[in-house]
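Asks: Sequence:
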Amino acid sequence: MKKCITIVYYLIDNFCKIYQEWKRKKLIPSNNQRNRDGKLSLAELLTIVIYFYLSPYKDFKNYYLYYLSHKYKGYFCLASYSKYNSVSECYYC
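Going by my numbering, the sequence shown opens with residue 1, and the numbers climb by one from there.
Keep in mind that the hints were calculated from the coordinates and are not lab data.
C-beta atoms are modelled at their ideal positions from N, C-alpha and C, and glycine is treated no differently.
Mixed in with the good hints there might be a few duds.
[Claimed, not checked] Within a straight-line C-alpha distance of at most 20 Å, the following computed EDC-like cross-link-like pairs (lysine to aspartate or glutamate) qualify:
| hint | residue 1 | residue 2 |
| --- | --- | --- |
| 1 | LYS39 | ASP13 |
| 2 | LYS61 | GLU44 |
| 3 | LYS17 | GLU44 |
| 4 | LYS23 | GLU44 |
| 5 | LYS23 | ASP13 |
| 6 | LYS71 | GLU44 |
| 7 | LYS26 | GLU44 |
| 8 | LYS83 | GLU44 |
| 9 | LYS73 | GLU44 |
| 10 | LYS71 | ASP59 |
| 11 | LYS83 | ASP59 |
[What the hints assert, rightly or not] The calculated label-pair distances, taken between Cβ atoms and stated as ranges, are:
| hint | residue 1 | residue 2 | range |
| --- | --- | --- | --- |
| 12 | CYS4 | SER69 | 17 to 25 Å |
| 13 | LEU65 | TRP22 | 31 to 39 Å |
| 14 | LYS23 | LYS83 | 22 to 30 Å |
| 15 | HIS70 | ARG24 | 21 to 29 Å |
| 16 | ILE7 | TYR57 | 18 to 26 Å |
| 17 | LYS71 | LYS17 | 23 to 31 Å |
| 18 | LYS26 | SER55 | 30 to 38 Å |
| 19 | LYS73 | ILE7 | 17 to 25 Å |
I would like the entire structure built from these sequences, with the hints used as guidance.
Replies: The structure is reproduced here in structure tokens:
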């Protein structure tokens, strides 16, 4: 499983680098944008969401609180569930 999640994360991370570069070129620059990196990268957020759909869980909250925090504890620097929700909303805007 370790090799599988590493490969998936690597592919998503490469996609995110290309996407963020494209997004930076296409959007009008603004001084109001936050430039500080968060604890979780976009690639980590997307990997967590993809693995949710591959898991047996039906709701994301239980998956995040009980499954992810135990099974993939060493892979991600996990924040609390409420913090994850607020961070993920910023990325998807």
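Asks: Taking the beta carbons of HIS70 and ARG24, is their distance inside 21 to 29 Å?
Replies: For HIS70 and ARG24 the Cβ distance comes to about 36 Å; the hint is violated.
Asks: Please work out if LYS71 and GLU44 have their alpha carbons no farther apart than 20 Å.
Replies: holds (15 Å)
Asks: Can you tell me whether the CB distance of LYS73 to ILE7 sits inside 17 to 25 Å?
Replies: Once the Cβ atoms are compared, 19 Å apart, the range 17 to 25 Å for ILE7 and LYS73 holds.
Asks: Is the straight-line distance between the alpha-carbon of LYS61 and that of GLU44 20 Å or less?
Replies: Roughly 17 Å separates the two Cα atoms, so the pair holds.
Asks: Can you let me know if the beta-carbon spacing of CYS4 and SER69 is within 17 to 25 Å?
Replies: holds (19 Å)
Asks: Sort out whether ASP59 lies within 20 Å of LYS83, counting only the CA atoms.
Replies: Distance ~17 Å between LYS83 and ASP59 Cα, so the pair holds.
Asks: Checking one constraint from the list: CA of LYS17 to CA of GLU44, max 20 Å. Satisfied?
Replies: Holds: LYS17 and GLU44 sit about 12 Å apart, inside 20 Å.
Asks: Falls inside 22 to 30 Å, the C-beta gap from LYS23 to LYS83?
Replies: For LYS83 against LYS23, whose Cβ atoms are near 23 Å apart, the range 22 to 30 Å holds.
Asks: Check the hint pairing LYS26 with GLU44 against an upper bound of 20 Å on the C-alpha distance.
Replies: With a Cα-Cα distance of about 23 Å, the restraint between LYS26 and GLU44 is violated, given a limit of 20 Å.
Asks: Within 18 to 26 Å: is that where the Cβ-Cβ distance between ILE7 and TYR57 falls?
Replies: holds (22 Å)
Asks: CA of LYS23 to CA of ASP13, is that 20 Å or under?
Replies: holds (15 Å)
Asks: Assess, step by step, whether the Cα of LYS83 is no farther than 20 Å from the Cα of GLU44, and give holds or violated.
Replies: holds (14 Å)
Consistency with the previously given hints fails for numbers 7 and 15, ordered from lowest to highest.
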